[in-house]
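Mind docking chain B on chain A? Use the hints.
Keeping their order, the protein sequence lines are chains A and B.
Position in the first sequence (first residue = 1) + 159 = the numbering used here.
Position in the second sequence (first residue = 1) + 1029 = the numbering used here.
Calculated directly from the structure, the hints in this document are not laboratory data.
Watch out, some of these pointers could steer you wrong.
Covered, in the sense of this in silico footprint (three residues per stretch, anywhere, with C-beta under 8 Å from a C-beta of chain B), are these stretches of chain A [what the hints assert, rightly or not]:
1) 191-201
2) 264-274
3) 453-460
Chain B is nowhere near these chain A residues, computed Cβ spacing over 12 Å in every case [as the list claims (entries may be wrong)]:
4) 237
5) 241
6) 250
7) 444
Glycine is no exception: its CB is placed at the ideal position from the N, C-alpha and C atoms.
As a plain string of letters, each chain reads:
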Amino acid sequence: MHPVGRRGFTLIELLVALVLLGIVTVGIYRVLVSNQRMYHAQTQRIELQQNIRAAATILPAEFRELAASEGDIYALSATDIRMRAMRQFGVLCQEPILGGLLSGLPVIVFQGLHNGPPIEGGDSVLLYYEGDEGSRNDDAWWPGRVRSLPSPAAAPCPNGSSGIAFQVDLQNPPPAGMLNRAGAIPRGGPMRGFQAVRYALYQSPTDNLWYLGLDVFSPATNAWSGIQPLVGPLSGSGGLTFAYFDANGVVTATPASVALIEIRVRARTPKPIQRSGTGGGLATPVDSIVTRVALRNNRRF
Amino acid sequence: MRQVWRNERGMALAVAIFALVVVGALVAGALFLGTQEQRVGENQYRLGQSFGIAEAVAPEFMRQWNTDSFNARRFYPTDTVKLGNRSYGARGWYTGYVFKLNRNLYLFDLTGSDTTTRSGSLAFRRRGGGGRSRLGILARIRPLQIPAHASLTTQGNVTLSGNAAVDGTDQIPNPSWTTCAPPDTTKAGIRMAPTGTVNTSGNAYVEGDPPVLKDPTVADSTFNVFGDVTYADLANRANIRFVGSQNLSTAPVTTPTGQCDRTVKTNWGDGLNRAGACGNYFPIIHIAGDVTLNNVQGQGVLLVDGDLWVQGSYEFFGVVIVKGRLRTSGGGTSVAHFWGAVMAQNVDIELNNISGNATLNYSKCAIIQALEWTGLGAMMRSRSFMALN
Chain A
160 MHPVGRRGFT LIELLVALVL LGIVTVGIYR VLVSNQRMYH AQTQRIELQQ NIRAAATILP
220 AEFRELAASE GDIYALSATD IRMRAMRQFG VLCQEPILGG LLSGLPVIVF QGLHNGPPIE
280 GGDSVLLYYE GDEGSRNDDA WWPGRVRSLP SPAAAPCPNG SSGIAFQVDL QNPPPAGMLN
340 RAGAIPRGGP MRGFQAVRYA LYQSPTDNLW YLGLDVFSPA TNAWSGIQPL VGPLSGSGGL
400 TFAYFDANGV VTATPASVAL IEIRVRARTP KPIQRSGTGG GLATPVDSIV TRVALRNNRR
460 F
Chain B
1030 MRQVWRNERG MALAVAIFAL VVVGALVAGA LFLGTQEQRV GENQYRLGQS FGIAEAVAPE
1090 FMRQWNTDSF NARRFYPTDT VKLGNRSYGA RGWYTGYVFK LNRNLYLFDL TGSDTTTRSG
1150 SLAFRRRGGG GRSRLGILAR IRPLQIPAHA SLTTQGNVTL SGNAAVDGTD QIPNPSWTTC
1210 APPDTTKAGI RMAPTGTVNT SGNAYVEGDP PVLKDPTVAD STFNVFGDVT YADLANRANI
1270 RFVGSQNLST APVTTPTGQC DRTVKTNWGD GLNRAGACGN YFPIIHIAGD VTLNNVQGQG
1330 VLLVDGDLWV QGSYEFFGVV IVKGRLRTSG GGTSVAHFWG AVMAQNVDIE LNNISGNATL
1390 NYSKCAIIQA LEWTGLGAMM RSRSFMALN
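Chain A with its partners taken away, still in its complex shape (with noise of 0.2 Å):
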């Protein structure tokens, strides 16, 4: 009897052969898993330290240009603070007619050194106050708020250069010590325009989750716009917190007085991970930095 054309196997062979493929199965599963666990493991922990570094990098940003003894903290808390943001940046390109004008002072600026978003209708801003030219000692900052008509439009300077032209409601009566005189606001005076902010823990209605929060305040309507969520989630009610220091490096409430700011962020991974380990079980990571930011335009004398 010849053997060519014998099909199949003996149970036997099947049975082994099952065996194998379990084994082989069992073990490809447990790689997969596993990578998947870790694949998701380490796409939480970086979303986790993004919001972090997030948090790092945004804050400090913002609290740097405060001029806290310019009045730009309104108001300050552990886990708030309600501050002017610097946005714009710009130079006046001729000098403004003073001496009694305070509504619709008429600023022209070089669109060569604007930096930052365009100059709108109600935006608010700070001009610069030369006073005596002799002396450092009153220089200052006014504010005002663009007018919204005229709007802002591009507009030559005296010299030929490109400009913006808009109009300026100042601050009235004048802030004390400034004269409203002519000269005062030189030709070549800068001008910063802000944006009053909130910055504050926060915990989201939707989810329960913590976050760090951003309201704007809207000029248009006199009123802050309504928190929402800008980096998280955060650890829970202790996950920002802000410390005030004053120049001497002591603890203040003051808001003209703070010359530094500590923050500490303390966020978590936005889903549970896996445990490593043979405990298993799901864990919420947690990470956090804390960072010092000196107010760097603060009156030197």
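Okay, now just chain B, sitting in the frame of chain A:
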């Protein structure tokens, strides 16, 4: 006979390949995420370094303020100082621009980059490697707090004779001073210690509001401490120095190409013609001894450790601080010997043969411009720092 199976149909290889592909994809994904995260971290680190460099450079400019490079510039947009790529030690590089916004204000537009970013390959930079940081710093000329509340400030007695005059009325020196603000209020003619006396004879007179101000605050410090700058600090900053007694004639000097020749020690600028090549040259001159000036002119800040004797038709524009005594004589055809403010600790003015013109005229414009062109910059009082996009 050994059998050979030609149609084996196993699936182990396919399963193994599938598993390898899946595992490979997961590992590759994890590796990609990890690499991205590492790059972000590295760039964040470099960004921090770049920011540090850009921020550290600004105070260096303030500390080593270059009046020739900065003060002598015209206003933006006519003129701009471009800073080439410069090394900041082993830590990185910076570049940028300096804009003169007006007589007192400057904008430093600085971009810092760390060493790795700077030296990185094009491919490194194309894939987003490295960090740069751009900052704006506002600087303001730090004016000397010279209490020039009078045409002449002195601790000693003053004697005026002949046609000598000391006038506290704010005046613009001559028509070539085109950027002067309208005249300020009239200042005192002579400001002196309460014990001082003023004697006039002949046609000499003192004019001002008041003509003579007896001020008990006039003391040695009035002539030695000017805000946060001392007389010695000023002397150390002098562009032109003479040691020992001098007899000088000073006048503007130009190079063959028409530039102001600042290497000539007797070139003290051109206040008679501000439109000239030396019109914006305001040196600080320090004379460690007595000096006699006779012909023609000078401007800036003149510091004399000893006595100052002005003869003939010499004219000086700016601030004069004399530790010894001041003597003037002659006058020739010039309108005045001094435009600005004179401060002398011991003064004995004797004037002879002056043809009826004033001798010491207060000029706020001459003072401000002398201080502006010799002034050093400092960070603005507040809001000097800004992040630029």
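These are the hints, each one checked on the structure:
no. : hint    : in the structure
1   : 191-201 : holds (count 6)
2   : 264-274 : holds (count 4)
3   : 453-460 : holds (count 6)
4   : 237     : holds, 26 Å
5   : 241     : holds, 19 Å
6   : 250     : violated, 6 Å
7   : 444     : holds, 15 Å
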